[in-house]
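Student: Residue-level listing of the chains:
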Amino acid sequence: MRLSIDESYAGKHVLLTGASGFLGKVWLTIMLQRDPGVARYYIVLRRKATRTARQRFERIIQTSPAFRPLHERYGKDLAAFINERIELIDGDVSSDGLGIEPETAARLRRDVDLIVHCAGLVDFDPDLRDALTTNVDGTICVADFAESCAKAALLHISTCYVAGTRNGRIAEVLTPNYTPNGEDFDAAAELVDARARIAEIEAEFEGPDRAAEIHLHAIKQIRERGRNPDNPKLVKTIARRIKRQMLKDAMIEEGQDRAKRRGWTNIYTYTKSLAESVLAPRVDRLRFAILRPAIVESSLADPFPGWNQGFNTCGPLSYMLAGWFRELPLRSGNLFDVVPVDYVCNGMTIAGAALLQGDHELIYQCGTSDKNPLAIDRALDLTGLAHRKHLRRKGDTVVDRVLLARWDGVETEIDHTLSIPNIRKVTQGFAKLMRDLPARWPEAVHERARKAADRADELDGDLDTIEHLIDLYLPFIYENDFVFETNNLLKYDIPEEAFRFDPKALDWRKYWIDVHIPGLRKWCYPLFEGKTPENYKPRHKFTLDEAPASEGQPEGGLR
Amino acid sequence: MTTPKRAAFFRAEGVLVSRGVLAATAYYAANAQKFSERALRFGVVALSAPLQGLLGQNDRTLANRIAFLAARGMSEDRLAELGEEYAEDILKDKILDRGVELLKRARAEGNRVVVLSDNITEIMEPLLQHLPKIDDLVCNHLEIVDGEATGKLLDPVIGSHGDGRWAQAYAERHGLDLKACTAYGSHGTDLLLLAAVGKPCAVNPDFTLRRSAREADWPTIEYQEKD
Chain A
1 MRLSIDESYA GKHVLLTGAS GFLGKVWLTI MLQRDPGVAR YYIVLRRKAT
51 RTARQRFERI IQTSPAFRPL HERYGKDLAA FINERIELID GDVSSDGLGI
101 EPETAARLRR DVDLIVHCAG LVDFDPDLRD ALTTNVDGTI CVADFAESCA
151 KAALLHISTC YVAGTRNGRI AEVLTPNYTP NGEDFDAAAE LVDARARIAE
201 IEAEFEGPDR AAEIHLHAIK QIRERGRNPD NPKLVKTIAR RIKRQMLKDA
251 MIEEGQDRAK RRGWTNIYTY TKSLAESVLA PRVDRLRFAI LRPAIVESSL
301 ADPFPGWNQG FNTCGPLSYM LAGWFRELPL RSGNLFDVVP VDYVCNGMTI
351 AGAALLQGDH ELIYQCGTSD KNPLAIDRAL DLTGLAHRKH LRRKGDTVVD
401 RVLLARWDGV ETEIDHTLSI PNIRKVTQGF AKLMRDLPAR WPEAVHERAR
451 KAADRADELD GDLDTIEHLI DLYLPFIYEN DFVFETNNLL KYDIPEEAFR
501 FDPKALDWRK YWIDVHIPGL RKWCYPLFEG KTPENYKPRH KFTLDEAPAS
551 EGQPEGGLR
Chain B
1001 MTTPKRAAFF RAEGVLVSRG VLAATAYYAA NAQKFSERAL RFGVVALSAP
1051 LQGLLGQNDR TLANRIAFLA ARGMSEDRLA ELGEEYAEDI LKDKILDRGV
1101 ELLKRARAEG NRVVVLSDNI TEIMEPLLQH LPKIDDLVCN HLEIVDGEAT
1151 GKLLDPVIGS HGDGRWAQAY AERHGLDLKA CTAYGSHGTD LLLLAAVGKP
1201 CAVNPDFTLR RSAREADWPT IEYQEKD
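Chains as they are written, first to last, in our numbering: chain A, 1 to 559; chain B, 1001 to 1227.
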């Protein structure tokens, strides 16, 4: 079926949410670079802390390396180019009417042809309140807004992993009130119940028992830091901090329980699946499609090879494998559905074009496991080879260049002798032994033993982080084996070659070793080391225009 | 432009590079994914070493087959990466300058240049970018099943007496006049190849080839890495 991207998007008005995120940003840059003739992009961005939406957007374009190709192409004319095509909308996707000022909202309702809803919280296990607000309420508000528009269709970005802990082939279907374990389920009732439970937990934290417990914690913490516990202001500040953290932990625990009870892997997939369920009943009154990407990773080519942003699935795992950690529990042959972000962006563009043409499917899965599968053990081997290639030439020390470069990650079982829990038992036992030395032994020995015990504690802390990470990833690398059917995106004949989605064309070895892992090394690993990845510093400063941008757009460029 | 009617055949090992199959397979063995695998694979290479020495002057088929068993179970990705690494970091520095000169001269004389190697594609293809342009590379291929090497060399195995027959078939396919062709060999296994062409030349010959070259009155060239 022929589907021309240029013909579909020509003269259309597109509203984008989540433009500050990895996927949204790359999609925007690709669309601006390839320019299929969109008349206007409306970027909905919320203010954050002290930064206005305008300041945030300017900063994104000014500093994000994703915009580098546009800076290089347009130079000092980039501002004019952006102002001509983009209108920034100060709003909040999780508020009614997207939190957009009424006059602007009315105009958008009249003009917008396509809403691309990328905004979402992609952390695996965030605070349940945040996840519900962003992933579920955000989708409800965007869908409400789309329904209130004169002609807008909605492209909602979800994830293949809403499938949860199921194995086998996952079809491109939308099942209302879906749960992975197949139990009777009512998504609307679940939302009401989850919110009620959140209110209960919050109330519990306001009660006197919790307050007393938190107060004691605060006093203990202040004493441990060698500060004065009689300072009421300090106690109050510390107690407030402890309360916030404990409340967050309680919310995460509640979210994890709810997700796991029904068979989802984590809070992210649970809330994303709820969002799909709240969209499902609108099928008769709203023109929408859901695009489910698999694991979105570094770009293959656009905006430039290897671009990545923030923490992601491969980042922490491959980072661990670059150090001394080598035994990763995984099940050989299980598929690891990674897809480069620019492939996903092409999928989004195709699905959007199909929506604009009114010839769309309800679900588009966008992965590689169906057409060009990558097994997890192959991914591990490629990761080892990529680290080897880097360390042999650029390792910081001789140990890196000679030993680490030749020490590849290997697959193990969860209960392997050298598994992290077993190593932790040894380090904890060692620390205890060092602290429980007979009192009659000389002080010098005790002093050294204390130091060794502290070192063992530090190591135990690191291992705890690794253990936690592995637990998070086990559903994807060990416990489940999915194949996400990817047929709907491939049914279109796209005349514009640059917009084609062709998972079969991906050369895993070249991508993993020469693009993906080097990209993670540059853009993600610094985050794990508490550093900031390098920002882009364009030659020309970018500022958004406040003046009317073009004819027919009397309200101007910034709202 | 018409295809040249004559060709120059170069045995890579001993003529163009000073390292053979054993060094390559030892490199693979030493860089397998797991430490335990490395020892085992080294054992296989060690086993093939005396065979290379004993039988290598007549027919290297068996020795090559055993040596490449060291790559059994290794992923296609690892074979390719290590092959590239070996070619770039080790083999490139073992290229024999005099051999390269011979190759350039053959090309300048209008010969179709063909390189034969006992090594595998994963090593030889990356090496080609460090050699003057050639027309054909004929080397060994490891069988790959489901992304892993089975350890079996696909037929015909290069490094056997079959190379002579192969040269005849190649000449027929490309319309070459073998009497006008040149061949540079360095081992006893190259005897039939050298005998098949009109201008044979023994380069750094082993005992068997040296004796035969002397008897057949073939020219012999000797050079080393630093020549």
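No lab work stands behind these hints, which were simulated from the structure alone. Honestly, I wouldn't trust all of these hints.
Incomplete in silico selection of chain B near chain A, CB under 7 Å [unchecked claim]:
# : residue
1 : Gln1033
2 : Ser1036
3 : Arg1072
4 : Asp1077
5 : Glu1081
Only pairs whose alpha carbons sit at most 25 Å apart, straight line, appear in this in silico DMTMM-like list of lysine to aspartate or glutamate [claimed, not checked]:
# : chain 1 : residue 1 : chain 2 : residue 2
6 : A       : Lys425    : A       : Asp462
7 : A       : Lys510    : B       : Glu1076
8 : B       : Lys1034   : A       : Asp127
9 : A       : Lys510    : B       : Asp1089
Glycine is no exception: its CB is placed at the ideal position from the N, C-alpha and C atoms.
Student: Regarding the hint that Arg1072/B lies at the interface with chain A, is the smallest CB-CB distance below 7 Å?
Tutor: This hint is violated: Arg1072/B lies away from chain A, its Cβ roughly 15 Å from the closest one there, beyond 7 Å.
Student: Is Lys510/A close enough to Glu1076/B, meaning Cα to Cα at most 25 Å?
Tutor: The given pair, whose Cα atoms are some 12 Å apart, holds under the 25 Å limit.
Student: Please verify whether Lys510/A and Asp1089/B have alpha carbons no more than 25 Å apart.
Tutor: 19 Å, holds
Student: Does Ser1036/B hold up as a contact with chain A if the rule is Cβ-Cβ below 7 Å?
Tutor: 9 Å, violated
Student: Less than 7 Å between beta-carbons is the criterion; does Asp1077/B satisfy it with respect to chain A?
Tutor: With a minimum Cβ separation of about 5 Å from chain A (threshold 7 Å), the hint on Asp1077/B holds.
Student: Take the shortest C-beta to C-beta distance between Glu1081/B and chain A; is it under 7 Å?
Tutor: Holds. Min distance 5 Å.
Student: Does Gln1033/B pass the interface hint, meaning its C-beta sits closer than 7 Å to a C-beta of chain A?
Tutor: 5 Å, holds
Student: Are the Cα atoms of Lys1034/B and Asp127/A separated by 25 Å or less?
Tutor: 40 Å, violated
Student: Is Lys425/A within 25 Å of Asp462/A, Cα to Cα?
Tutor: Holds, because 13 Å separates the two Cα atoms, which is no more than 25 Å.
Going through the hint list in order, the structure does not satisfy hints 2, 3 and 8.
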